[in-house]
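Q: Sequence:
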Amino acid sequence: MAANESLARARDLLELVSRVVESKPGASAPAVRIRAGVTRANGDKALELLTRSGFIERRRRDGEDGYYSVKPYRVSSEAPRAGFAKTHATRQGGGG
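When we follow the working numbering, the leftmost residue of the sequence shown carries the number 11, and every step to the right adds one.
The hints are simulated quantities; they were obtained by calculation from the structure and are not laboratory data.
Quick caveat, the model's predicted, so the values are computed rather than measured.
Take these hints with a grain of salt, some might be off.
Claimed, not checked - Below, a list of computed lysine-lysine pairs in the BS3-like style, where the Cα atoms sit at most 25 Å apart: (1) Lys55 x Lys81; (2) Lys34 x Lys55; (3) Lys34 x Lys81.
Unchecked claim - Quick list of simulated restraints, FRET-style, between CB atoms: (4) Ala12 x Gly36: 30 to 40 Å; (5) Glu15 x Gly73: 39 to 49 Å; (6) Pro82 x Leu17: 13 to 23 Å; (7) Arg84 x Asp54: 13 to 23 Å; (8) Gly47 x Glu67: 19 to 29 Å; (9) Glu15 x Glu74: 14 to 24 Å; (10) Asn14 x Lys55: 30 to 40 Å.
Each residue gets a CB set at the ideal place from its N, CA and C atoms; glycine is no exception.
Work out the full structure: start from the sequences and follow the hints.
A: This is how it looks when you write it as structure tokens:
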């Protein structure tokens, strides 16, 4: 598997878990993993990375940990963008 493909899959996983947390505020880690349809290892790693990066936060309520969205994680905001010159100024992209 190429490094770019692996990175893309990791970003997709992070977005998927972020969207689950957004739709189910206060969900436990097992509930997030089940709803996202991911393995325990992948789900826990995604929750950890999103928490450390400030996208979600873990709060303890009634003796249980729940996850809450702070800001949405989206792949589109993390992906590199092509420069303007490479797409339009040199007539390599766009219309006719």
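Q: So, for every hint listed, does it hold in this structure?
A: Hint-by-hint comparison with the structure:
no. : hint                      : in the structure
1   : Lys55 x Lys81             : 18 Å, holds
2   : Lys34 x Lys55             : 19 Å, holds
3   : Lys34 x Lys81             : 14 Å, holds
4   : Ala12 x Gly36: 30 to 40 Å : 38 Å, holds
5   : Glu15 x Gly73: 39 to 49 Å : 41 Å, holds
6   : Pro82 x Leu17: 13 to 23 Å : 19 Å, holds
7   : Arg84 x Asp54: 13 to 23 Å : 21 Å, holds
8   : Gly47 x Glu67: 19 to 29 Å : 23 Å, holds
9   : Glu15 x Glu74: 14 to 24 Å : 36 Å, violated
10  : Asn14 x Lys55: 30 to 40 Å : 19 Å, violated
Checked against the numbered hints above, the structure breaks hints 9 and 10 and satisfies the rest.
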